[in-house]
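> Residue numbers (the numbering used here), protein chains in the order written: chain S, 213 to 548; chain A, 213 to 548.
Dumping the calculated SDA-like pairs for lysine to any residue here, alpha-carbon to alpha-carbon at most 20 Å:
no.: 1; chain 1: A; residue 1: K426; chain 2: S; residue 2: I274
no.: 2; chain 1: A; residue 1: K426; chain 2: S; residue 2: Y273
no.: 3; chain 1: A; residue 1: K426; chain 2: S; residue 2: A275
no.: 4; chain 1: S; residue 1: K426; chain 2: A; residue 2: Y273
no.: 5; chain 1: S; residue 1: K426; chain 2: A; residue 2: R271
no.: 6; chain 1: S; residue 1: K412; chain 2: S; residue 2: S460
no.: 7; chain 1: S; residue 1: K426; chain 2: A; residue 2: G270
Sample of chain A residues lacking proximity to chain S, with all beta carbon distances greater than 10 Å (derived):
no.: 8; residue: G246
no.: 9; residue: G248
no.: 10; residue: G392
no.: 11; residue: E422
no.: 12; residue: Y496
Examples of chain S residues toward chain A, derived with CB under 10 Å:
no.: 13; residue: G457
no.: 14; residue: V468
no.: 15; residue: G470
no.: 16; residue: L475
no.: 17; residue: S476
no.: 18; residue: L477
no.: 19; residue: V479
no.: 20; residue: H481
Just so you know, these hints were derived from the structure itself, not from any lab. It should be emphasised that the depicted structure is a prediction, and the values quoted were computed from it without experimental measurement. Glycine included, C-beta positions come from ideal geometry on N, C-alpha and C.
Number of protein chains: 2
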Amino acid sequence: MDLVNHQFRLAARPVGLPKPSDWQYTEEPVPEPGEGEVLVKLLYISLDPAMRGWMNDGRSYIAPVGIGETMRALAAGEVLVSNHPGLAPGDHVTGLLGVQEYAVANGNAVMKVDPALAPLPVYLGTLGMPGMTAYFGLLEIGRPVAGETVVVSGAAGAVGGVVGQIAKLKGCRVVGIAGGAEKCRYLTEELGFDAAIDYKAEDVLAGLGEHCPKGIDVYFDNVGGEILDAALARLARNARVIICGAISQYNATGAVAGPSNYLSLLVNHASMTGFVVSDYGDRYVEGAREMAGWLADGKLKPREDIAEGLENFPDTLLRLFAGENTGKLVLKLAAD
Amino acid sequence: MDLVNHQFRLAARPVGLPKPSDWQYTEEPVPEPGEGEVLVKLLYISLDPAMRGWMNDGRSYIAPVGIGETMRALAAGEVLVSNHPGLAPGDHVTGLLGVQEYAVANGNAVMKVDPALAPLPVYLGTLGMPGMTAYFGLLEIGRPVAGETVVVSGAAGAVGGVVGQIAKLKGCRVVGIAGGAEKCRYLTEELGFDAAIDYKAEDVLAGLGEHCPKGIDVYFDNVGGEILDAALARLARNARVIICGAISQYNATGAVAGPSNYLSLLVNHASMTGFVVSDYGDRYVEGAREMAGWLADGKLKPREDIAEGLENFPDTLLRLFAGENTGKLVLKLAAD
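The shape of chain S in the complex, shown without the other chains (with noise of 0.2 Å):
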């Protein structure tokens, strides 16, 4: 084949933000793909704040990235060659491919998608793992009800977009919390959400005093720190708080800061529940399926925000820690 691959592999574990010494630049040829295994090319790198987290030592829900090993990343790709019989050459799908050209994966491991029913982004996004994360953290979670308010922070995130998108289908009232002017008028007047708070330049606490009168209901929390200590004391009774990530404390050096108003979840009999969206894989179907239709109807927008060329991929992913993106960030390497 004589294809060459080049990849960023994990150098060391990153204290704070990533820097350019935690990351090696790789060249090797390309491998032969075994019994039923697929050669992809990998044409859209998926970049996400969990990533983070999987360059951390320790127990987590999923194994660290090893010293050495290729970063791991949510990929799609077209098939070059498939040892494997439910896929054959020019199929697309997508998996943990990982940040580089090409990828050598079980044929089982991957999901053939369709480039005809929605851009190769779009199943990174709000058809993949960000699009389940909001589907089955909102719905399962959450559970709203019409009529009932939802927060959501990271709102002009991948996660955060969605979630609100699904909550004004469900009849709720819904309020973004981002940052910049431009996130924010984008939440209320692309996407539908009731109000945005723009934490860069307002008080959150004060915002969600206003934009919330009855409280809270259901707060879809993407950042952590002080923007759930705010949204903690703003909740209703019987409230529910979704623990989806902690952006804003990923890359802390001294310990996470825990929230100090979590004794509102006493005072308003609340709940706060964490996940992870692989704890809903086995209904991965079921949400794609929905959402898909959604999608189709006009019913939700995605959006992508797309870097180039797979040597920016240390900056681009800085991008999501500077809040820097709207939408899904994704690096392309290719054309379709």
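Could you slot chain A onto chain S? The hints should help.
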């Protein structure tokens, strides 16, 4: 009647631990009960950690005690005069009668109890608010299943001891966290806990690792702070954390310490739910009936820690926050 009443009134809102100048000891004539009211001679006053919260200003599940008002407290006493058709002189009742010798109360706001079935202090403990707190918090929020591991903090206190005993009745492995060797001995030898961790002498995180080899399925928290964080670090998948109280934080003069390890909820698909016992107020009869049956069968062992003399109220209350009581702390005012 010419009876003289003495009471403790809130003189100032405490900063940190209540100090003598936060109280005013007053004397006044006992008022006449009006239409539908009863005059009660108090025999036992209940001392509960929640009282500290009632002394603070600000929105909570119950209005704060006003400056100059008689301190709110649950108590048991004897009816001296009744203008209520359901109560007669000589009846015994419990209710929010306050820190005083005599109380006039609406007859509908007190509950008649039978001292022949259980000693009066038990109606302030295992059959009273702490018992109902343990019962509904553990069973409704914790939903323990036989074979699961239940951990309770403040385990030798009025609520914690009952939580552990109910969990044993339900077939769970029960580990208590308490301060001091004598309390730990009480938990394992008298109450039948499987293990006890002395937080004053042991590393709680290590102790939980040792005594909960499969992780914690249900954690009933009465204390907050570092012990809550240790428990969060040991959660099993689908764990339920019950936030009942945070006695380590009630006298904090700065911000409450939020649980740094709250992202363990995310990793373990776990929940943390708060409540106050009045959330289950419409089901007390159901709880009290089952608890009374267990008590009659010898399956629950009540324990009271009895101090004497109204004048000792301020110092006795502080015993709660110093962790000096074992079982239900009550102040005895007069012979039953």
